[in-house]
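K.L.:
First to last, the sequence lines map onto chains E and W.
Residue 143 in the numbering used here sits at position 143 of the first sequence, and the numbers go up by one each step.
Residue 486 in the numbering used here sits at position 182 of the second sequence, and the numbers go up by one each step.
Since the hints were derived computationally from the structure, they do not count as laboratory data.
On a predicted model such as this, the values are computed, not experimentally measured, just so you know.
Glycine is no exception: its CB is placed at the ideal position from the N, C-alpha and C atoms.
Everything hinted at is true.
Distance ranges between label pairs, derived from CB positions:
#, chain 1, residue 1, chain 2, residue 2, range
1, W, Pro374, E, Val276, 44 to 52 angstroms
2, E, Leu302, W, Lys486, 28 to 36 angstroms
3, W, Gly367, E, Leu188, 54 to 62 angstroms
4, E, Arg19, W, Pro331, 41 to 49 angstroms
5, W, Thr359, E, Gly176, 55 to 63 angstroms
6, E, Arg19, W, Glu424, 27 to 35 angstroms
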Amino acid sequence: MAKGVTLKRVITYAWLSFRRNGWLSTATILVMVLTLFVIGGLLLVSVIANTILNDLEQKIDISIAFKKGAPESAILSIRRELEALRPVREVAYVSPEEALAAFRERHKDDPTVLASLEELGEENPLPATLAVKALNPEDLGEIAKFLEGKNYPSVEKINYFENQKVIERLSAAVRGVRTAGVAIVLILGFVAVLVAFNTVRLAIYTSREEINIMKLVGATNWYIRGPFMIEGVLHGGIAAAITALAFLPLVWFASGKLIVFLPGVNLSSYFRENFVEFSLILFAIGIILGVGSSLLAIRRYLKI
Amino acid sequence: MIYFDNVSKIYNANSVALKNVSFEIKPKEFVSLVGPSGAGKSTVLKLLIAEEQPTEGRVYFDGTDVSSLPARVLPRLRRRVGMVFQDYKLLASKTAAENVSFAMEAAGRTEAEISETVPEVLALVDLADKWTNFPHELSGGEKQRVAIARAIVNQPDVLMADEPTGNLDPVNTWEIVRLLQKINELGTTVILATHDKQVVDHLGRRVVTLEKGEVVRDEAKGKYIINHRNG
Chain E
1 MAKGVTLKRV ITYAWLSFRR NGWLSTATIL VMVLTLFVIG GLLLVSVIAN
51 TILNDLEQKI DISIAFKKGA PESAILSIRR ELEALRPVRE VAYVSPEEAL
101 AAFRERHKDD PTVLASLEEL GEENPLPATL AVKALNPEDL GEIAKFLEGK
151 NYPSVEKINY FENQKVIERL SAAVRGVRTA GVAIVLILGF VAVLVAFNTV
201 RLAIYTSREE INIMKLVGAT NWYIRGPFMI EGVLHGGIAA AITALAFLPL
251 VWFASGKLIV FLPGVNLSSY FRENFVEFSL ILFAIGIILG VGSSLLAIRR
301 YLKI
Chain W
305 MIYFDNVSKI YNANSVALKN VSFEIKPKEF VSLVGPSGAG KSTVLKLLIA
355 EEQPTEGRVY FDGTDVSSLP ARVLPRLRRR VGMVFQDYKL LASKTAAENV
405 SFAMEAAGRT EAEISETVPE VLALVDLADK WTNFPHELSG GEKQRVAIAR
455 AIVNQPDVLM ADEPTGNLDP VNTWEIVRLL QKINELGTTV ILATHDKQVV
505 DHLGRRVVTL EKGEVVRDEA KGKYIINHRN G
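Full structure from sequences and hints, please.
P.N.:
Have a look at this one:
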């Protein structure tokens, strides 16, 4: 007996059964579309949440303001000391001149601010600063403590102590959001898988007589399973394609709304750049869901 | 060829299907298995294709203990045993010819073999003109002949018929019985489970009588004799 003949037959049967059970196939695909929609939605939301959190983490730093006239060499030696610390990611030096230029640039459309600057004449009101960023925002407290302990004479103010509470609350929030996100994905994913599995089980239940007769005429278990597995691939694949396409207009619409609240997040362009990857993930989940549900559901009918 | 060695099948304390049953069936025999409903006829057939496992004793097919066979090789055993049922068990969504070729496909035969054999077998059961009909378009006797065609298309060593004439009128019953005799003459062992007295008496072949799960009579040229008739 030729393996090719059997494979061809299994595929033909899968296609026949898929077509003849039109409504059941449609129902299964629809449930899978909903499942994949939930999973895809969660995937996008987690991408947005991560982008925002990373963005915020980038912004958390310790800013050290120096006294007027503090020698640049002293500032740079403190910078070198800080850079040698393990939890420090980078230390940026902003001289008073650079700070002033940035300030002018930021307020170039605000004549009141510029006018008050002019009143000061040649005097530069802005101090030199060092901005310290940590590899992990939670370590900023330790770095601040180090600075405090050194008690550098040229340092005017360490603004971490002012922001300490805010920073701590934010890092707690970041941790909480991540944990909750994982939990939500797991719970919703589990519900979705159960619904999809039960739909497939119903489809196989209608074929139980056929399965029974196949066993009696001496069909092997793989010969019986094969068509159902290929149907699972078809269901999962079609559902993934529908879901991926349905996300296109949805993301475009949501992106317009989102950009108002979160200027840093361009969901639409992110989605377009990662569309292939996103679709592949949906296809993989869809096919695993379809085939897995079929295998589980058919198991009890193959026992005899 | 088939040997039941002291076989018991006990579902639970109140439901004993078979008690210490022993008998042997030789190749090319035609054996009627008779007894009232619930006597254990169907259990004997199920044990033979390993659909059920004996509680005690062993069932041998061609020298192999079928209850010890791993599930993986059961399909090969089942291809050597054709099965016919009272309710035909045809697939409603397939035509007569498709129902027959289905069994060959499941056994892994090539398209060429199938297109050659199926018309031959349908002609053998006298259905050459009905091969495109669906089961609901066929009479009870015709359906049973399709089922027999399906059972013999893989050239099994044994044909097991479980009450094949239970739903049929006398005319169709005789057609099916004659067909079974013809298949037996062509060299296939036939086991006929029935409680139709006229059929058994007419055959004049070996009869194994079961009552309440025990073999009470085993005669080479038997008659249908049952003490407590309720079937």
